[in-house]
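Protein sequence lines correspond, in order, to chains E and F. Each residue of the first sequence is one higher than the last, beginning at 652 in the numbering used here. Each residue of the second sequence is one higher than the last, beginning at 767 in the numbering used here.
Read the hints as simulated data drawn from the structure, not as lab findings. Glycine included, each C-beta is placed from N, C-alpha and C at the ideal position. Among the hints, erroneous ones may be present.
Claimed, not checked - Quick partial rundown of chain E residues pointing at chain F, CB under 7 Å, derived from the structure:
id, residue
1, Gly683
2, Tyr684
3, Asn727
4, Thr730
5, Phe731
6, Asn734
7, Gly891
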Amino acid sequence: MKKMICLFCTAVLLLTGAALPVSAEVQVGDTGYYTRFQGQGKSINVHNWGEYISDGSDDSLAVISEFEQLTGIKVNYTTFSTNEEVYARLRNGGASYDVIVPSDYMIARMIREGMLEKLDFDNIPNFENISSDFRNLVYDPSNEYSVPYTWGTIGVIYNKTVVDEEDIGGWDLLWNQKYLGDILMFSNPRDDFGIALKRLGYPMNPQNTQHLSEALELLKEQKMLVQAYVMDEIFDKMVGGEAAIAPYYAGDAITMMADNEDLGYFVPEEGTNRFVDALVIPKGSREKECAEMFINFMLEAEVGAANAEYIGYSSPNTAALAILPEEVTGNPVAYPSEEVISKTELWVDLPSEMNLAVDQAWTELLSADEEYSRWLIPAFMLICIAVSVGLNISRSYRKKRYGK
Amino acid sequence: MKWLSKSYVWVTMAFLYAPIAVLIVFSFNQSKSRGAWTGFTWNWYRRLFTNEVIINSLINTLIIAVISSIIATVIGTLAAIGIVNMKRWQRSLIMNITYMPVINPEIIIGVSLMLLFVWVKSIGLQIEFGFVTLILAHVTFNIPYVILNVMPKLRQMDMYVYEAAQDLGCSPSQAFFKVVIPEILPGILSGFLMAFTYSLDDFIISYFVAGATSQTLPITIFSSTRPPVSPEINALSAIIFMVVLTVLLLVNLHDTRIERENQRGRRGMGI
């Protein structure tokens, strides 16, 4: 037992010892501004997507510990995996966060429901680094609540050895019968219906149930070609060559293309979805000024550049873009041309009855053509019951015989 | 027929350990991919130790596991002693209540604890979602495991030994610490270990009660999906697996050595 404890302690020591931050002194604009709260023992709670901040690995900038050293504010950093999760956390009222990073449509919803604090932009002087393309976006029209953090587009990743050059270019590729069983689709309703609506020539945000049901028909038609509806399994399937065509986020496409050089990427000419994840301060924040300081720090050129490089998604920060290497900013996958961007649409917060309609259509899509299952399960249960009854009868019969 | 039974054992082993083997192999993979092998590297192990988020949540997980299992062991052991001395119907009532959290789906415990903490907060008690709530929740779901491990030992114990100790001059508390505790120690230890593992393991309950200030490793892993989970997690799992394996081997070696010594001792005495 003693040995066990010793071993355990050594392991813990090893882990903690090795985890000491490597300081790399980041250049900031105004040091005086950042040291205001030094020595006051303040702390803020930051809630971000998993793997969504530069963490010091591979000699990158350890953003959080840099911020802590510079300002003396302790950062409690926790992570989430979906927008809906953050919404639920804020709603149930248990935890109080100071900075969260939801996506566009969720920010719109939170603003509508009065869950966010207005930002004091006097405390965020670095907001001037944000490109004008990313100010006053549709989810926050007067730009009072949010500061963009990352953005990206959805495009189609394809395997050059399987897909013919003349077939690429539009969303049509996902409906091409030649690639039966080689196509992957998102496993979430918003993206799939958006793609189908775009192919029909409608806006990506469903406008009415008529459009939605047309999109549903189109997706049902596509279903037999689709190998699977997946999210991040796309990485393994595309890199491993199990599937040949998949729509996914541009930043992740770069990662996949680095792992498998047979992969190519294009943004469909009809246009596509663009998403923005932005920093906001929820109501109930106890250290609003510290939170604004954190947001300002994230907008520093070096910090923004380190994050963009680590995450692989695109940055809205012009100062960061200026110091990023050419091979990153010149990559048309992450930073598409004006022409492509002008054809993108952002998700908007749908009215609740439309949300419900999308969910219903999604359920219908997934359960279409699985009609055998209506009989399969009851039949299976009947067989099980019959077998267990049979076993019991035979056992009691045998018992009786041996009993005599 | 012998080959059949042998291969059956191997197939079972393969089912159990193939996933872990794959996980360890891919912790050395050069690319982030979980499907394609691109070359050998130690890189993920190096990166793991500089990843503050993972290391912090690992430390949180360990601290919470240690503290909550110690508290649960103390409470659970005392509860078990109390329960044993109850009347028959009281005992069966309490034991049924004890079983309840074990057979209840975790999600119900998770949600109800969360609601309880929110309510406590709403009546004005300052309770911060995070470290405190995590420890309270882990203690809560760990207590039954300790009780269930200590109970059998207590029932096996000869109560006369305790009385004899008092006859021979022990005060009740001395008798308790010198006689009862050593007698039920194996039960306490296995209860503690079980509580510790369950606490390390737990995802669902922690998911509901974790807060803004701290989260445990399973939650961190779960949330690394947008850019997908990196092989650093594989590396961490490989390290944890190796640590557990060596501990098990050491304990087993220790046990067999003691057994051998006992046998030798008995032989020496001519029995």
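The hints, checked one at a time:
1. The criterion of a C-beta within 7 Å of any C-beta in chain F is not met by E/Gly683, whose closest approach is roughly 27 Å, and the hint is violated.
2. Here the hint on E/Tyr684 is broken, as its CB sits about 24 Å from the closest CB of chain F, past 7 Å.
3. Of the supplied interface hints, the one on E/Asn727 holds, with its beta-carbon coming within about 4 Å of a beta-carbon of chain F, less than 7 Å.
4. For E/Thr730, the suggested interface contact is upheld, since its CB lies about 4 Å from the closest CB of chain F, less than 7 Å.
5. Taking 7 Å as the C-beta contact cut-off toward chain F, the hint placing E/Phe731 at the interface holds, the least distance being around 5 Å.
6. Here the hint on E/Asn734 is broken, as its CB sits about 10 Å from the closest CB of chain F, past 7 Å.
7. Interface restraint check: E/Gly891 against chain F, minimum CB-CB distance 3 Å, threshold 7 Å, status holds.
Checked against the numbered hints above, the structure violates hints 1, 2 and 6; every other hint is satisfied.
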